[in-house]
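Peer 1: Heads up: the sequence lines are chains U and L, in that order.
Using the numbering used here, the first residue of the first sequence is number 1, and each one after it goes up by one.
Using the numbering used here, the first residue of the second sequence is number 1, and each one after it goes up by one.
The set of hints was computed from the structure by calculation and includes no laboratory data.
Quick reminder that beta carbons are idealized off the backbone N, C-alpha and C, glycines included.
No false leads were slipped in.
Interface residues of chain L toward chain U, partial, derived using beta-carbon atoms under 8 Å:
# : residue
1 : 53
2 : 76
3 : 78
Per the computed footprint, the stretches of chain U lying under chain L, defined by three or more beta-carbons under 8 Å from a beta-carbon of chain L, are:
# : region
4 : 42-48
5 : 139-152
Protein chains: 2
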Amino acid sequence: MRASDRAYATLLEDIQRGSLPPGAVVAELEQAERLGISRTPMREAIGRLLADGLVRQQSPRVMVVADFDADDIRELFEARRALEERAARIAAERGERAVFAALAADFAAAHPESCELAADEYYALIARFDAAVDAAVGNRYLTGALRTVRAHLARARGLARDNHARLRASVAEHTLIAEAIAAGDPELAAHATHVHLHRALAAILTSIADPAGSATSIPEGPQ
Amino acid sequence: MRASDRAYATLLEDIQRGSLPPGAVVAELEQAERLGISRTPMREAIGRLLADGLVRQQSPRVMVVADFDADDIRELFEARRALEERAARIAAERGERAVFAALAADFAAAHPESCELAADEYYALIARFDAAVDAAVGNRYLTGALRTVRAHLARARGLARDNHARLRASVAEHTLIAEAIAAGDPELAAHATHVHLHRALAAILTSIADPAGSATSIPEGPQ
DNA sequence: TTTCGCGTTAATGTATACGCTAGTGATGGC
DNA sequence: GCCATCACTAGCGTATACATTAACGCGAAA
Numbered sequence: 001m002r003a004s005d006r007a008y009a010t011l012l013e014d015i016q017r018g019s020l021p022p023g024a025v026v027a028e029l030e031q032a033e034r035l036g037i038s039r040t041p042m043r044e045a046i047g048r049l050l051a052d053g054l055v056r057q058q059s060p061r062v063m064v065v066a067d068f069d070a071d072d073i074r075e076l077f078e079a080r081r082a083l084e085e086r087a088a089r090i091a092a093e094r095g096e097r098a099v100f101a102a103l104a105a106d107f108a109a110a111h112p113e114s115c116e117l118a119a120d121e122y123y124a125l126i127a128r129f130d131a132a133v134d135a136a137v138g139n140r141y142l143t144g145a146l147r148t149v150r151a152h153l154a155r156a157r158g159l160a161r162d163n164h165a166r167l168r169a170s171v172a173e174h175t176l177i178a179e180a181i182a183a184g185d186p187e188l189a190a191h192a193t194h195v196h197l198h199r200a201l202a203a204i205l206t207s208i209a210d211p212a213g214s215a216t217s218i219p220e221g222p223q
Numbered sequence: 001m002r003a004s005d006r007a008y009a010t011l012l013e014d015i016q017r018g019s020l021p022p023g024a025v026v027a028e029l030e031q032a033e034r035l036g037i038s039r040t041p042m043r044e045a046i047g048r049l050l051a052d053g054l055v056r057q058q059s060p061r062v063m064v065v066a067d068f069d070a071d072d073i074r075e076l077f078e079a080r081r082a083l084e085e086r087a088a089r090i091a092a093e094r095g096e097r098a099v100f101a102a103l104a105a106d107f108a109a110a111h112p113e114s115c116e117l118a119a120d121e122y123y124a125l126i127a128r129f130d131a132a133v134d135a136a137v138g139n140r141y142l143t144g145a146l147r148t149v150r151a152h153l154a155r156a157r158g159l160a161r162d163n164h165a166r167l168r169a170s171v172a173e174h175t176l177i178a179e180a181i182a183a184g185d186p187e188l189a190a191h192a193t194h195v196h197l198h199r200a201l202a203a204i205l206t207s208i209a210d211p212a213g214s215a216t217s218i219p220e221g222p223q
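Could you build all of it, start to finish, from the sequences and the hints given here?
Peer 2: As structure tokens, then:
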């Protein structure tokens, strides 16, 4: 693996996990020394993050991690609707039905009960579903745009802390989408995706507005 | 302006105009010497083209210009439909109506009669329209995806030679889209965009299948 | 005290040197 | 005569040195 690829993967994860928060300065030399590589591959990695929109140049000489507030999340989900609804529609039209029938069964069998483990399991299942949709769509332009959008979406996971009820609801929503694709029903697949994105956005915005979590409805605790 | 920016702009235009045809090898040193710069900025430029999907790595060591055949164009227009129909819809919902009323008037006033001049004028008008839609949408994720799609779309202009009748029809289609946005009619804007993209794709595919052009309906002449 | 301007400094932009890998050709063995 | 292996070469990946520029601080003047 190339040093620039490792640098890109590391910085991407740092931004997605929030250890490089919005507004943090991304300096070539500083990051290169942190990863034990030279400026050249680090420069390439930062350039890729810039193309992704995860980093922006605040001034001609200083790069910072891109902002990611509630308005950004609304914009992101607007783009997701355009891309994922269409992708779901196309997958229902020409996807391998057996693949999505199997995924629907996996979703139906998934029961996120415990806290940490279930969330990881859930995200892995989502990743498999996304990959299946990409393969069914078979359109490099659509999947390329979706790849960028998903890179930004991963940042939202750090903001909206895992909510058990929401996780279960999301699994149910994905079950319906997968079933619709397996049934070759483009309209249902698109509309179920729309519903899912609507609810996911609402959950994230609520989680941001109410950082205390869902355990208590009264936001009185610290942090 | 940075050397890497000039290199990117130059290579982008070379690929879009077809002077670097699909499959052509893009070697760092060769291109760097051609533009009189060193490998470092040229490497950055090629990396950006790789992220755009205009260049792909054929093997671990050799980069080539990405293919662009009829199937690619169909995929590209599928992505365009997802993005531009949604963009037109959003622009109709929250765009500045006066801006699009003025654009509609400009489209209505445009009459591509002469050959070369009219085509450039037409493309400039389209670019203004695209910029207005981007501004009205105000969504960096959507406009970013559209930017990439448009970079690929420009390659189709070289394949489908300028067709007067098609140019006039396209102007009329854009007039309707602009009018729909100016009237605040999202449904009409989206459907008019759908119709426009359908006809544009059909025209390009016809032009490719019938390289003799539209002057004679019998494809018998050379080139 | 505040603002403007200049100088210093540090980080970016570019060039180039070095190491490595893969691709290609030739040679030898089967 | 054909295939396999080795050596050579050319181009990429990385490191580093040099040039350039912008950012920051200090000082002077209003």
